Every structure is written in structure tokens, then in C-alpha cells.
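First to last, the protein sequences are chains A and B. End of the first sequence sits at 711 in our numbering; the numbers just go up one at a time, nothing left out. End of the second sequence sits at 210 in our numbering; the numbers just go up one at a time, nothing left out.
In case anyone wonders, no lab produced these hints; they're calculated from the structure. Warning: the hint list may mix true and false statements.
To be verified - Short derived list, chain A residues pointing at chain B, Cβ under 8 Å:
1) M268
2) L273
3) L279
4) Y611
5) L616
What the hints assert, rightly or not - Listed next, the in silico DMTMM-like pairs over lysine to aspartate or glutamate satisfying Cα-Cα at most 25 Å (straight line):
6) A:K625 - A:E608
7) A:K272 - B:D113
8) B:K200 - B:D169
9) B:K68 - A:D703
10) A:K276 - B:D113
11) A:K625 - B:D113
12) B:K133 - A:E608
13) A:K403 - A:E475
14) B:K187 - B:E122
15) A:K538 - A:E352
16) B:K187 - B:E162
17) B:K80 - A:D703
18) B:K88 - A:E608
19) B:K114 - B:E141
20) B:K88 - A:D703
21) B:K205 - B:D168
22) A:K540 - A:D518
23) B:K88 - A:E710
24) B:K68 - B:D22
25) A:K390 - A:E661
26) A:K417 - A:D400
27) B:K80 - B:E27
28) A:K311 - A:E661
29) A:K276 - B:E111
30) A:K327 - A:D342
31) A:K272 - B:E111
32) A:K311 - A:E662
33) A:K625 - B:E111
34) B:K115 - B:E185
35) A:K540 - A:D509
36) B:K200 - B:E141
37) B:K206 - B:D169
38) B:K206 - B:E186
39) B:K200 - B:E27
40) A:K276 - B:E141
Being a predicted model, the structure only gives us computed values, none of them experimental. From the three backbone atoms N, C-alpha and C, an ideal C-beta is built for every residue, glycine too.
Residues per chain are reported as follows:
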Amino acid sequence: MNIFKLSWKNILAKPLNSIMSVLLFALSIGLITFLTLFNHQFKKGLENNLAGIDLVIGAKGSPLQLILNSMYHIDAPTGNIAIGEAAPFLNPKHPLLSGSIPLSLGDSYGAFRIVGTTPSIFKFYGATQVEGDIYKNDFDVVTGSDVAHKLHLHIGNEFYSTHGLEDNPDLAHDHGHPFVVKGILQPTGTVLDQLILTTPQTVWKVHEHDSTATDQEGSGHEGHHHDDAEHNHTSMPIIVIDSTEAQVLTDSIIAALRAQPDKEITSVLVKFKTRTNIQSLNLLRNINANTGLMAASPAMEINRLYSMMGSGTEALQYIAILIAIVAAISIFISLYTSLKERRYEMALLRVGGAGPGKLFQMIIAEGLWISILGLIIGLLAGHLGMELAGSILEEGYKYRFTGLLWIPQEWWIIGGALFVGLLAAVLPAIQGSRTDLHRTLAEG
Amino acid sequence: MITTSKLTYAYPGQSPIQFPDVQCGENEHALILGPSGTGKTTLLHLLGGLISPASGEITIGGTSVDKLRGHALDVFRGKRIGIIFQKPHFIRSLTALENLLLTQSLAGIEADKKQAHLLLERLSIGQKANHKTHSMSIGEQQRLAIARALINRPAIILADEPSSALDDQNCQQMIELLLQVANEEKSNLIVVTHDSRIKSMIEKKVFLT
Numbered sequence: 268m269n270i271f272k273l274s275w276k277n278i279l280a281k282p283l284n285s286i287m288s289v290l291l292f293a294l295s296i297g298l299i300t301f302l303t304l305f306n307h308q309f310k311k312g313l314e315n316n317l318a319g320i321d322l323v324i325g326a327k328g329s330p331l332q333l334i335l336n337s338m339y340h341i342d343a344p345t346g347n348i349a350i351g352e353a354a355p356f357l358n359p360k361h362p363l364l365s366g367s368i369p370l371s372l373g374d375s376y377g378a379f380r381i382v383g384t385t386p387s388i389f390k391f392y393g394a395t396q397v398e399g400d401i402y403k404n405d406f407d408v409v410t411g412s413d414v415a416h417k418l419h420l421h422i423g424n425e426f427y428s429t430h431g432l433e434d435n436p437d438l439a440h441d442h443g444h445p446f447v448v449k450g451i452l453q454p455t456g457t458v459l460d461q462l463i464l465t466t467p468q469t470v471w472k473v474h475e476h477d478s479t480a481t482d483q484e485g486s487g488h489e490g491h492h493h494d495d496a497e498h499n500h501t502s503m504p505i506i507v508i509d510s511t512e513a514q515v516l517t518d519s520i521i522a523a524l525r526a527q528p529d530k531e532i533t534s535v536l537v538k539f540k541t542r543t544n545i546q547s548l549n550l551l552r553n554i555n556a557n558t559g560l561m562a563a564s565p566a567m568e569i570n571r572l573y574s575m576m577g578s579g580t581e582a583l584q585y586i587a588i589l590i591a592i593v594a595a596i597s598i599f600i601s602l603y604t605s606l607k608e609r610r611y612e613m614a615l616l617r618v619g620g621a622g623p624g625k626l627f628q629m630i631i632a633e634g635l636w637i638s639i640l641g642l643i644i645g646l647l648a649g650h651l652g653m654e655l656a657g658s659i660l661e662e663g664y665k666y667r668f669t670g671l672l673w674i675p676q677e678w679w680i681i682g683g684a685l686f687v688g689l690l691a692a693v694l695p696a697i698q699g700s701r702t703d704l705h706r707t708l709a710e711g
Numbered sequence: 002m003i004t005t006s007k008l009t010y011a012y013p014g015q016s017p018i019q020f021p022d023v024q025c026g027e028n029e030h031a032l033i034l035g036p037s038g039t040g041k042t043t044l045l046h047l048l049g050g051l052i053s054p055a056s057g058e059i060t061i062g063g064t065s066v067d068k069l070r071g072h073a074l075d076v077f078r079g080k081r082i083g084i085i086f087q088k089p090h091f092i093r094s095l096t097a098l099e100n101l102l103l104t105q106s107l108a109g110i111e112a113d114k115k116q117a118h119l120l121l122e123r124l125s126i127g128q129k130a131n132h133k134t135h136s137m138s139i140g141e142q143q144r145l146a147i148a149r150a151l152i153n154r155p156a157i158i159l160a161d162e163p164s165s166a167l168d169d170q171n172c173q174q175m176i177e178l179l180l181q182v183a184n185e186e187k188s189n190l191i192v193v194t195h196d197s198r199i200k201s202m203i204e205k206k207v208f209l210t
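I would like the entire structure built from these sequences, with the hints used as guidance.
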């Protein structure tokens, strides 16, 4: 039975007071932890998806909307643009661009967006491995790993898309040509995990029901085998995406697109050869000023988004800090009142040989026990809360939020919590260590 | 063994109190008697090292207690002095046994559960070892207070009005028990009291005026 065990017993001896302080503390820590985990993953999600993209070119509207729609796939498109207008930026020989990807949006399956694009998107987002194969023909799709997991899709499965982004059966294109899953990407940690990828032409064809009959010839899709594949879910080997093959496919898709200047796509993702080039820097302004298109810079728009989101989470953080202060006051009051009741006990400890320093340690330890308990409960609750909220957040942000991670900022939370516990206990501890032995005992 | 000489103690802003000398040899016990306000408790606290004298000397078992300060005094008090207070007070959050173990550990002595149990048995409260102290009767609490004073085998046992709350029968039993354990442990027992029932039980008397 030493002074630290005693401090623990003292906490247990006043369960109601202690629980109150611990819960307040846990609430504050939980909230701060949740916000920290959210902010970290929110930022990481945004940053992972930057993928080195320097410009997004699309229809005029809100630049933030264009970025959110084309890069994060969480907002409606600003409109469509004619291929003819966008053609210069799709030209592989464009002097300023090292790469560009056309995007055609419009349909979804099971609330996951179907994106018509070129296979060069895999390299853009750093996807290198696929189970099965990449898409080669219209109506072939490659799904992101989360899509396949959530919708239980396997190689060879077929499905019909839904118009728009909602999972609404009334809007299903159930009498056209079905999509066939040709490949499933390995997880990339980017928005690709949440997308279904196919050729741009496929997105048009879904909306041209009349032409579906002719599509089947050209698509090369052999519709007879899918039944077998549906019944035995044998997984296909995982292969490394052949970048030469992807480039050849990309080139032919781009050439086909440029041959149809009247058709529309949603936007173009663009990478510069050099970012510091003056002409590159002027490109955004030139497009906005001199063409019917709009160009938006992901870095700029994301910074704008940070500052907007930031004020919201900041307000919540202040509330959490306020609760932490209330928790600290609650620890202070409970220690202080118990000290008054335990004046005689303090004197007894002194009689027994404990110096003032020991009494100081004991009361500090009581404050720390409460903050440590609150800290443990709060950290667990924050992580659990994030894990539970993760699936809800994933739908909205197209990024997999998890509570099962540890980030360096949490050490600051731990340090801060212990400091607050210490601070709340210091005054009572000083008071307690100054217990006047003789007077206290003489008064009985 | 305890001797004091020319002890004085000064409360802030008051003229110093002078105390008569106290001397107890081996197995000798003493009563400190006197009307209220003559400084009985102050003398007891001086002997117990709870306060330090303004002048004079206190020697307990060869140690000059008046020269000790701070940590050294705390350690000496914990190891060599057992004190029984007028009203039995304990650490409420601990059981009877834990109160004893804490007393050992505070004095820097390794907690000895077996010894603590034996002591509780000897004082007939062994069955209360794992009870919280506030659930025990006054008589049991008095016995536990004695156990706490004894657990570290002190050189002297100081008792401040130990019998004031007890009826005649309990009073007699309490003092007899104290004398018995003090003799067994070869400790000096010094009792502050104005209780006339005790006067006949201890021969040596120090009068304060």
C-alpha cells in the first residue's frame, strides 16, 4: 500500500464524483480525437486524390464544384463540354501538357459513379495492379476495390447502370446493354477505389438506347459466358497493368474522341510538363478569359475548401476545449472539497512519516488518475466513433474513413490531457501538502 | 527510553510555554495530567515530533529529536513513534488491514501482511481486517488505532485522551490493553489525560500547571 495505490483507492472511494469528472474529461477527449482523426483523413483524402493534377477543364460554373465533381466525385457536373472545344487539351502533342484525361460522367451503379475515361487514368492515380484485366471495349468495366467489395462484384458479373448518382431503381437503364466486370483494381487509397471505370464511348451509348443493338457487334463482348462466371466466383489472377497496352488503348480512344468533335464529355484532367513554366501558369487564366471553357486549379480550390471546412471544425474544437476546461474545474472542485473532508487524513499521513512532498504527489496522482481514465475512455470513444461514422462519411466524401489508425497528433492530445489533469490538481495538492499537523490534530 | 529537559514551545505571538521534564526508563510508563489549556497536547506533539521545541532537548532511544527537521523528522516519527488520538481517525478509503499496511509503507518499512494480520488477531479484530474502518464499532476502532500505533514497533506510544469517549468498563480494558502491548513491545507508554479513572493504573505522573 503505497501513496499511489492510496490515491487510486481514494478515487474509487468517491465513485460518483470521480465518474462525473472522468466522463466530462472523456467527452472532451473523445470529441477532440474524433475531430483530429476526421481532419487528418479528410486532408489525406484530398491530398491523395490530387494525383499531380494541375488543372481541371470543364464547363463554366463554380470552380470548386468542378474540382469536387471531377476529382473527388462528390458533386454534380457543372455541365458538359464539346470535344471540339476541349480537343487542344486532349492532343497528346500539346506543348505544355504531359498528360490529360477526358472524363464522361452521368451514370452510376449502386451509388458508385461510372466514369468514362481512358486507361491512362490508372497511371495518373498510381493504380498498378488489377485482378482480371483492364477494360478494352465499350461496356467493359474495371471497378475500384471498394466498389467490388461493397457491391460483391466479381469478374464476369453484369449489371445495368442507373441515371445520375443515386441508387434509384426507377432511373435504371435496365433494357440497354449490360456492363461487364472485366477487372477489379487493387486498393489505391485514392478516389479510384470508389469508381467504376469504362470507355467514354460507353457513357454515350448507355443513353442512346436505339443504338444498343449495333453496339454488341463492335463491343466484342461475349455475353454467353457470364452465367458461369456469376455462379462460381473464382477470382482471377492479379496482374500488373501493362502501361504500353494502356497507352495504345488510350491513344485509340483519344483519336476516336477527337474524330467526333460534336460529342460531349464532362471535363479533362490535365498535368503540366513543368509547373513553373510561365505559359503553364497563364493557361488557367487564358482558358477562363478566352474560351467557353472553365479551368480550375485543384490546389487553389482545395485550399479554399480547407478554410471553409476549417472554420466549422475549429468551432467544434473550441467547444471541445471548453468541455475540457469544465472537466478540469470539475476535477479541481472534487479534489478541493474532498481535501477539506480529508484534512485529518492528511495529518494522519504526516504523522505516519509522509512528508509534504508525499501528500503533494498523492493529490497530483488523484488528478492524474481521473485524467488518465478520461483519456483512455475518450481515445477509445473517439476512435470507435470515427470507425462507426466511417461508413456514413465514406458515402459523402468518397474516401474510406477509419477509426483504426493512430496519428502523431494524438500524442499531443495525450500530453495535453495529462497537463490539464496536472494543472487541475496543483492547487489542491499545494494546499494539501501544507496541512498543519499540530493544529489539525489538536482540533480533532 | 525517553528524556526531556527544559522544553519550551512558543505559539506565534504568545509567550513561550515551559514544560516540566519527562523521564521514562525501560518499561516505564507515564501519565501527563493537568487542567485544560495547560499544553498537554502540545507536550505530546513535541514528544511525537509533530512540532519542534523553541528550546530544550528531547531524546528518544538515543536520538536527539529536537535536532531533527524536515524529512529526517518525518522518517523518525514514522518509524519510532506510535500515536493514538482522542478520536480514532483512519483513511476512509482503506480497509482496516490496508490502514496498517499503509502505516508500514509510509515509515519506509516493507509492508508485512502476515504481521498486520497477527496484530489484528492479537487485538481481537482479526475478523474485521477487510472491513472499511467506518463500518466498525467505536471499540473496534479504538483497537485498530492501537494496532496502528504498534505496527511499526515504536520506541514510544503516545496516547491523547484515549479513554474520554469510553464508559468505565471499556476505559479500564483499553488502558489495560495499552499497558499490556506496551510491555510486550518494550515501548514506553505516555498517556495524556484528565480522566481520573486512569490515575491509579499508571504510577509515574507529570503534572502541568
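Structure-based check of all given hints:
For A:M268, the interface hint holds, since its Cβ comes within 8 Å of a Cβ in chain B; the closest pair sits about 4 Å apart. Because the smallest distance between the Cβ of A:L273 and any Cβ of chain B comes to about 6 Å, under 8 Å, the interface hint for this residue holds. With a cut of 8 Å, the hint placing A:L279 at the interface with chain B holds, because the nearest CB-to-CB distance is about 7 Å. Look at A:Y611: its Cβ gets to within about 5 Å of chain B, closer than 8 Å, so that hint holds up.
Checking A:L616 against chain B by beta carbon gives a least distance of about 7 Å; that is within 8 Å, so the hint holds. The straight-line distance between the Cα atoms of A:K625 and A:E608 is roughly 18 Å, inside the 25 Å bound, and the hint therefore holds. In summary, the hint linking A:K272 to B:D113 is supported, as the alpha carbons are separated by about 16 Å, within the 25 Å threshold. At most 25 Å may separate the alpha-carbon atoms for a hinted pair to count; B:K200 and B:D169 meet this at roughly 13 Å.
Our distance criterion of 25 Å between C-alpha atoms is met by B:K68 and A:D703, whose separation comes to about 20 Å. Only pairs whose Cα atoms come within 25 Å are accepted, and A:K276 paired with B:D113 is accepted, the gap being roughly 19 Å. A distance of roughly 21 Å separates the Cα atoms of A:K625 and B:D113; the hinted pair therefore holds under the 25 Å criterion. Among the hinted pairs, B:K133 with A:E608 is consistent with the structure: their alpha-carbon atoms are about 17 Å apart, no more than 25 Å.
Using a Cα cut-off of 25 Å, the hinted pair A:K403 and A:E475 holds, with the two alpha carbons roughly 20 Å apart. Taking the CA atoms of B:K187 and B:E122, the gap is about 20 Å. The hint holds against a cut of 25 Å. A distance of roughly 18 Å separates the Cα atoms of A:K538 and A:E352; the hinted pair therefore holds under the 25 Å criterion. This hinted pair checks out: B:K187 and B:E162 have alpha carbons roughly 22 Å apart, not beyond 25 Å.
Of the pairs offered as hints, the one joining B:K80 and A:D703 holds, with about 20 Å between alpha carbons and a cut-off of 25 Å not exceeded. Using a Cα cut-off of 25 Å, the hinted pair B:K88 and A:E608 holds, with the two alpha carbons roughly 16 Å apart. Using a Cα cut-off of 25 Å, the hinted pair B:K114 and B:E141 holds, with the two alpha carbons roughly 19 Å apart. The suggested pairing of B:K88 with A:D703 holds, with an alpha-carbon distance near 18 Å, which does not exceed 25 Å.
Only pairs whose Cα atoms come within 25 Å are accepted, and B:K205 paired with B:D168 is accepted, the gap being roughly 24 Å. Pair hint A:K540 plus A:D518 holds up; C-alpha atoms about 18 Å apart against a cutoff of 25 Å. Restraint check for B:K88 and A:E710: satisfied, since their Cα atoms lie roughly 11 Å apart, inside the 25 Å limit. Proximity of B:K68 to B:D22 is assessed by CA-CA distance (about 17 Å); at most 25 Å being required, the pair is judged to hold.
As the CA atoms of A:K390 and A:E661 are separated by approximately 24 Å, the hinted pair is consistent with the 25 Å bound. Only pairs whose Cα atoms come within 25 Å are accepted, and A:K417 paired with A:D400 is accepted, the gap being roughly 20 Å. Distance hint between B:K80 and B:E27 is fulfilled; the C-alpha atoms sit about 18 Å from each other, no more than 25 Å. Annotation: proposed proximity of A:K311 to A:E661 holds, straight-line Cα distance about 13 Å (limit 25 Å).
For the hint pairing A:K276 with B:E111, the CA-to-CA distance comes to about 20 Å; that is within 25 Å, so the pair holds. A distance of roughly 15 Å separates the Cα atoms of A:K327 and A:D342; the hinted pair therefore holds under the 25 Å criterion. With a C-alpha separation of about 15 Å, the suggested pairing of A:K272 with B:E111 holds against the 25 Å cut-off. Taking the CA atoms of A:K311 and A:E662, the gap is about 16 Å. The hint holds against a cut of 25 Å.
Only pairs whose Cα atoms come within 25 Å are accepted, and A:K625 paired with B:E111 is accepted, the gap being roughly 17 Å. In summary, the hint linking B:K115 to B:E185 is supported, as the alpha carbons are separated by about 18 Å, within the 25 Å threshold. The suggested pairing of A:K540 with A:D509 holds, with an alpha-carbon distance near 23 Å, which does not exceed 25 Å. Taking the CA atoms of B:K200 and B:E141, the gap is near 24 Å; set against the 25 Å cutoff, the hint holds.
Between the alpha carbons of B:K206 and B:D169 the distance comes to roughly 21 Å, so the proposed pair stays at or under 25 Å and holds. Only pairs whose Cα atoms come within 25 Å are accepted, and B:K206 paired with B:E186 is accepted, the gap being roughly 21 Å. Distance restraint check for B:K200 and B:E27: the Cα-Cα separation of roughly 20 Å lies within the 25 Å cut-off, and the hinted pair is therefore satisfied. For the hint pairing A:K276 with B:E141, the CA-to-CA distance comes to about 22 Å; that is within 25 Å, so the pair holds.
Checked against the numbered hints given earlier, this structure breaks none of them.
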